[in-house]
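Asks: With chain A held as given, fit chain B onto it using these hints.
Protein chains: 2
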Amino acid sequence: MHPNDPSLRSFVEGASDSGFPIQNLPYGVFSTASDSRPRVGVAIGDYVLDLAVIEECGLMPRMAAQTVFRQSSLNALMASGGYSWSIVRKHISQLLRHDNPKLRDDAVLRKRALVPMSSARMHLPVAVSGYTDFYSSREHATNVGTMFRGKDAALNENWLWIPIGYNGRASTVVVSGTPVRRPKGQIKGPDFPAPIHAPSRRLDIELEMGAVVGVNTALGSTLTVEQAQGAIFGFTLLNDWSARDIQQWEYVPLGPFQGKAFATSIGAWVVTAEALEPFRVEGPRQEPAPLDYLKQAGAHNFDISLEVELIPGGGAPTIISRSNFRGMYWSTAQQIAHHASSGCAMRVGDLIGSGTISGPDKGSYGSLLELSWGGKEPIRLADGSTRTFLEDGDRVTIRGFCQGDGYRIGLGEVTGEITPAA
Amino acid sequence: MHPNDPSLRSFVEGASDSGFPIQNLPYGVFSTASDSRPRVGVAIGDYVLDLAVIEECGLMPRMAAQTVFRQSSLNALMASGGYSWSIVRKHISQLLRHDNPKLRDDAVLRKRALVPMSSARMHLPVAVSGYTDFYSSREHATNVGTMFRGKDAALNENWLWIPIGYNGRASTVVVSGTPVRRPKGQIKGPDFPAPIHAPSRRLDIELEMGAVVGVNTALGSTLTVEQAQGAIFGFTLLNDWSARDIQQWEYVPLGPFQGKAFATSIGAWVVTAEALEPFRVEGPRQEPAPLDYLKQAGAHNFDISLEVELIPGGGAPTIISRSNFRGMYWSTAQQIAHHASSGCAMRVGDLIGSGTISGPDKGSYGSLLELSWGGKEPIRLADGSTRTFLEDGDRVTIRGFCQGDGYRIGLGEVTGEITPAA
Numbered sequence: 001m002h003p004n005d006p007s008l009r010s011f012v013e014g015a016s017d018s019g020f021p022i023q024n025l026p027y028g029v030f031s032t033a034s035d036s037r038p039r040v041g042v043a044i045g046d047y048v049l050d051l052a053v054i055e056e057c058g059l060m061p062r063m064a065a066q067t068v069f070r071q072s073s074l075n076a077l078m079a080s081g082g083y084s085w086s087i088v089r090k091h092i093s094q095l096l097r098h099d100n101p102k103l104r105d106d107a108v109l110r111k112r113a114l115v116p117m118s119s120a121r122m123h124l125p126v127a128v129s130g131y132t133d134f135y136s137s138r139e140h141a142t143n144v145g146t147m148f149r150g151k152d153a154a155l156n157e158n159w160l161w162i163p164i165g166y167n168g169r170a171s172t173v174v175v176s177g178t179p180v181r182r183p184k185g186q187i188k189g190p191d192f193p194a195p196i197h198a199p200s201r202r203l204d205i206e207l208e209m210g211a212v213v214g215v216n217t218a219l220g221s222t223l224t225v226e227q228a229q230g231a232i233f234g235f236t237l238l239n240d241w242s243a244r245d246i247q248q249w250e251y252v253p254l255g256p257f258q259g260k261a262f263a264t265s266i267g268a269w270v271v272t273a274e275a276l277e278p279f280r281v282e283g284p285r286q287e288p289a290p291l292d293y294l295k296q297a298g299a300h301n302f303d304i305s306l307e308v309e310l311i312p313g314g315g316a317p318t319i320i321s322r323s324n325f326r327g328m329y330w331s332t333a334q335q336i337a338h339h340a341s342s343g344c345a346m347r348v349g350d351l352i353g354s355g356t357i358s359g360p361d362k363g364s365y366g367s368l369l370e371l372s373w374g375g376k377e378p379i380r381l382a383d384g385s386t387r388t389f390l391e392d393g394d395r396v397t398i399r400g401f402c403q404g405d406g407y408r409i410g411l412g413e414v415t416g417e418i419t420p421a422a
Numbered sequence: 423m424h425p426n427d428p429s430l431r432s433f434v435e436g437a438s439d440s441g442f443p444i445q446n447l448p449y450g451v452f453s454t455a456s457d458s459r460p461r462v463g464v465a466i467g468d469y470v471l472d473l474a475v476i477e478e479c480g481l482m483p484r485m486a487a488q489t490v491f492r493q494s495s496l497n498a499l500m501a502s503g504g505y506s507w508s509i510v511r512k513h514i515s516q517l518l519r520h521d522n523p524k525l526r527d528d529a530v531l532r533k534r535a536l537v538p539m540s541s542a543r544m545h546l547p548v549a550v551s552g553y554t555d556f557y558s559s560r561e562h563a564t565n566v567g568t569m570f571r572g573k574d575a576a577l578n579e580n581w582l583w584i585p586i587g588y589n590g591r592a593s594t595v596v597v598s599g600t601p602v603r604r605p606k607g608q609i610k611g612p613d614f615p616a617p618i619h620a621p622s623r624r625l626d627i628e629l630e631m632g633a634v635v636g637v638n639t640a641l642g643s644t645l646t647v648e649q650a651q652g653a654i655f656g657f658t659l660l661n662d663w664s665a666r667d668i669q670q671w672e673y674v675p676l677g678p679f680q681g682k683a684f685a686t687s688i689g690a691w692v693v694t695a696e697a698l699e700p701f702r703v704e705g706p707r708q709e710p711a712p713l714d715y716l717k718q719a720g721a722h723n724f725d726i727s728l729e730v731e732l733i734p735g736g737g738a739p740t741i742i743s744r745s746n747f748r749g750m751y752w753s754t755a756q757q758i759a760h761h762a763s764s765g766c767a768m769r770v771g772d773l774i775g776s777g778t779i780s781g782p783d784k785g786s787y788g789s790l791l792e793l794s795w796g797g798k799e800p801i802r803l804a805d806g807s808t809r810t811f812l813e814d815g816d817r818v819t820i821r822g823f824c825q826g827d828g829y830r831i832g833l834g835e836v837t838g839e840i841t842p843a844a
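In order, the protein sequences belong to chains A and B. Take our numbering: the final residue in the first sequence is number 422, and no numbers are missing along the way. Take our numbering: the final residue in the second sequence is number 844, and no numbers are missing along the way.
Chain A on its own, in the form it takes in the complex:
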């Protein structure tokens, strides 16, 4: 049976009703108090299946000359190739089925291999080779363009032709839960005689999905959209924290730099592209028609429901946005095809940010910049307080899931709390 089959069930209690049923099997890197070596695991219900243990017990075929599971990142697993991605997932699926006694009835092995999630410390799942951030929600680009450059210049002429993106900073990608320190930077308000160097006053989020590239390409070679789709190992939630005041002063003419270099948070779990197959949908109609190298046939978007929660220090949670990944104008596959179009080498571990995922109406915007319309329309939180941008002590959590027929593919969450500037 295919690992995506909706009728599959696991013997792991509660898995079916969680975001991590047997149809999901997302990968992460974890360690425990009793074994501090980071290794690769798979989420199933409230447990992490320790793949290093499974491999060492001979229950997993070797995918490469070296172990791909007793590793501090998913990169070795990804580098083993797309064929082995499927084989490994199939093995894990079989091992966790309700009707397979091998692990189910081996109490000693189960105790070793199934680690309660509450006792797993999650690490950055990917050794990020390059971090590239796109800008592919038409609604977001229009909103931001309107605020930064006025309504007439909102959507630059190139936007409908190019999946616009820029290189981000790989060294600052952190795993969910890592505190985010408010950055200092150069800020110059329109009425300032000169810039000042001060903590950001317009600290923001960006609700995004991150795609993880699982293949290497040679410098000078390119990818079709279909090949680019096949190069995606999986997806994770991504929050591209942004200091709007630093960004606004620095970004002309070479783009965002220190305004986005202090932290980019990603989820601890990478949901495989294979698990998301049933949720592929067509994106918005593209008009003008893309140039040949960006033409795509069929469904290359994904129906992933997303929400953003904000909890003020010690306060009550408010869902400040509900959006969906399906509305992106440019698909991830198109982004990657464009990325490689100059002959740019793609690398195992490249992280591709989708760009902020804003929907058509205010409740679906993916940044505070848009939600508070440049700070002019504060949003109200459940505890009665208001926000334009983030305050110290605020915690922001992004969650996402795909709704299947009787099951949910959870993307987990990406969360971070703002700590004061140094």
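If you're looking for bench data, these hints aren't it; they were derived computationally from the structure. Heads up, a few of these hints could be off.
[Claimed, not checked] Listed next, the stretches of chain A that the computed footprint assigns to chain B, with coverage defined by at least 3 CB atoms under 8 Å from CB atoms of chain B:
(1) 95–105
(2) 123–136
(3) 284–293
(4) 345–358
[To be verified] Chain B side only, calculated, beta carbon under 7 Å to chain A, not exhaustive:
(5) Asn522
(6) Tyr588
(7) Gln670
(8) Trp671
(9) Glu672
(10) Ala683
(11) Tyr715
Quick caveat: nothing in here was measured; it's all calculated off a predicted structure. We put the beta carbon where it would ideally sit given N, CA and C, even for glycine.
Replies: For chain B alone, kept in the frame of chain A given last:
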């Protein structure tokens, strides 16, 4: 005696009259026909001193738990720390002195450890963690700004306050000698109804220096300008190949992307910051005075003479530009201090491009864009042909050196030949 002492001489014949005298000792990574394992070497005259062999013969103290020399990049050596950078250089200097018989009189060891440069295959010296490109020549920024945005908007308001830079693509950094394939990309001339996807027609060079960062900093921490200076392991020549037509259509609002993602060439030799100490000079006066976090006392520029040679396929060489690194408005130390100012983590192996090094007059411009003034004023080559931008078969070589008292510190060269689009 300090390794920089001008009176030092090496027993290696011809070293004193070359760009690689005993005062230089630049690091590279090489392999040979008889030993294909890349390892770390030092250039001395026309030879490469094999540091892996030197270490394995017990002539070099261990700098770390693991060997830092039998490695395919300089990263392990750099990660061993600034103190060991000096110790290692001192040891090498002593070993190569004319009055030290240890290596000089050991014919067997000399044959093993001193490899003729002509039989060494050079590799990319650094595993590039991140590639960041700045834009710090006032003359270049003014020239390009004038052509792209008109004279009045040439130097954007932020330029005199911020060392403007952007994240480049680390995966496309290649070692000198690697052919450069003409990229394809989206191009839209002002009179085109829609963009086309075609080989670049405005393929260009950028004469730059690359600084290699040799330390890791923690996310959330910053660097003073002095600390940033100390974080530089060394410098190498850099050619930031650029497709101007692709760049012009894509760069608003998020900066250069595919127009600079197809190749960035660096020299095979990294000259240490220590060897360049005698050539520190003050840069141009900075007015307005930089904000406190960018204030620097004393000399943070380097007096490095640079030239660019163009050889058409099968033709004669022409020096198309002569410039000097000393004229840069923002110093490398200021660039790195700014880079870390948001709390951005710096990594061993980060490559920091200076930005195109243009001087005040036409013969000193660092790009064809400027030399041919946007293609309007073709330059004449020695063989009578003309160029606006690069043609297939053109070879471009950048060379550089510092003139000492009776010796020269050579930066070597960075060269690349243009091959036709795929």
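Asks: Against each hint, give a clear statement of whether it holds in the structure.
Replies: Now for the hints, and whether the structure bears them out:
| no. | hint | verdict |
| --- | --- | --- |
| 1 | 95–105 | violated (count 0) |
| 2 | 123–136 | holds (count 3) |
| 3 | 284–293 | holds (count 4) |
| 4 | 345–358 | holds (count 4) |
| 5 | Asn522 | violated (41 Å) |
| 6 | Tyr588 | holds (4 Å) |
| 7 | Gln670 | violated (10 Å) |
| 8 | Trp671 | holds (6 Å) |
| 9 | Glu672 | holds (6 Å) |
| 10 | Ala683 | holds (4 Å) |
| 11 | Tyr715 | holds (5 Å) |
Taken one by one, the earlier hints fail for this structure at numbers 1, 5 and 7, listed in ascending order.
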